[in-house]
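K.L.:
Sequence:
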Amino acid sequence: MNRGTYSVLSLLFEEMDFVKTPKITEILKEKLEEIRYCSIIMDLNNLYYIDSTGLSSLINISRKISENNNEMVVVCNTTKILQLFDIAKISSFFKIFDSIESAEQYLASKTT
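Add 1486 to a position in the sequence shown, counting from 1, and you land on the number used in our numbering.
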């Protein structure tokens, strides 16, 4: 959903693993090109499993958005995924929020 200076992308897949990540990445890249790599809120609340391939994909997407002077933030409430993000120190690549609303407030504060 495009909200002006940013878009909300909800990942409907439950897994980002070696098998599924290439297709998911292809879909995300098409959408990002469509919205011209604006800032995005990546909603991962449907995700319950992610491996290193999926993490790498999210990091690469975040970098591509950063190259366009925008930012990717993540919304996630899944304990298992959050623990993995913590272990992998993912917060150095993008900010993680517990709700779309708090992510929206953060992005809105950056445009004012």
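These are computed hints drawn from the structure, not numbers from a lab.
For clarity, every value in this text was computed on a predicted model and none was experimentally measured.
Hints are not guaranteed to be accurate.
[What the hints assert, rightly or not] Between beta-carbon pairs, the in silico distance windows are: (1) 1573 <-> 1521: 29 to 37 Å; (2) 1509 <-> 1595: 21 to 29 Å; (3) 1575 <-> 1535: 30 to 38 Å; (4) 1513 <-> 1554: 13 to 21 Å.
The beta carbon of each residue, even a glycine, is placed where N, CA and C say it ideally should be.
K.L.:
With reference to the structure, classify each hint as holding or not holding.
P.N.:
Evaluated hints:
1. In this structure the supplied range 29 to 37 Å holds for residue 1573 paired with residue 1521, their Cβ-Cβ distance being about 31 Å.
2. Between residue 1509 and residue 1595 the beta carbons are some 34 Å apart, a value that contradicts the proposed interval 21 to 29 Å.
3. Distance hint for residue 1575 and residue 1535: a CB-CB separation of about 19 Å, inconsistent with the stated range 30 to 38 Å.
4. Between residue 1513 and residue 1554 the Cβ separation comes to about 19 Å, which falls inside the hinted range of 13 to 21 Å.
When each numbered hint is compared with the structure, violations occur for hints 2 and 3.
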